[in-house]
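Peer 1: Sequence:
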Amino acid sequence: MKVNKQFYKDFNFYFYFLFIVLWIKPVLEAENIFEMIFCSAFLIGAIIAVLWVMFRVPESDRGFNQAFYKNGDFYIYTIVTIFWIIAIPKASNIYEEVICIACTAIGIFAALRIMFKKQ
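Numbering (numbering that gives the first Met the number 0), first residue to last: 0 to 118.
These aren't lab readings, by the way, just hints derived from the structure by calculation.
Among the hints, a few may not be true.
Calculated cross-link-like contacts (lysine-lysine; reagent style DSS-like; alpha-carbon spacing at most 30 Å) [said to hold, decoys possible]:
{"hint": "1", "residue 1": "89", "residue 2": "24"}
{"hint": "2", "residue 1": "24", "residue 2": "8"}
{"hint": "3", "residue 1": "8", "residue 2": "69"}
Put together the whole structure using the sequences plus the hints.
Peer 2: Set out below in structure tokens:
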């Protein structure tokens with residue numbers, strides 16, 4: 000398997016890497032085993048996603064992707080965005096709220112980006 004030498008130009012790489020950074024702290028501060036498993040699942044998923052971006056063949060064509068529903072990234076972005084939307088009212092301070100809103104916006108734009116990418 001070859002490394003995609005252009006992975007650093009892929010938006011998905013930075014988006015997934017952001018989730019690795021954001022899920023490390025909740026894993027370390029988990030109060031019970033359920034929280035630990037939940038947070039670890041997202042952390043491991045983000046690590047796998049980063050590696051997947053690094054080892055896949057880049058797509059270059061642009062336009063409306065009529066088969067966007069076949070792209071696994073679309074569902075990942077949609078699910079993660081829903082979790083960030085749910086987290087907005089639970090934010091304990093303004094910094095957490097800004098992070099939640101920013102990640103929600105990133106997720107929405109990423110899902111839209113997949114919808115308008117040719118394969």
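Peer 1: Next, verify each hint and record whether it holds.
Peer 2: Comparing the hints with the structure gives:
1. 89 x 24: holds, 17 Å
2. 24 x 8: It holds: about 27 Å lies between the C-alpha atoms, which stays within 30 Å.
3. 8 x 69: With a Cα-Cα distance of about 23 Å, the restraint between residue 8 and residue 69 holds, given a limit of 30 Å.
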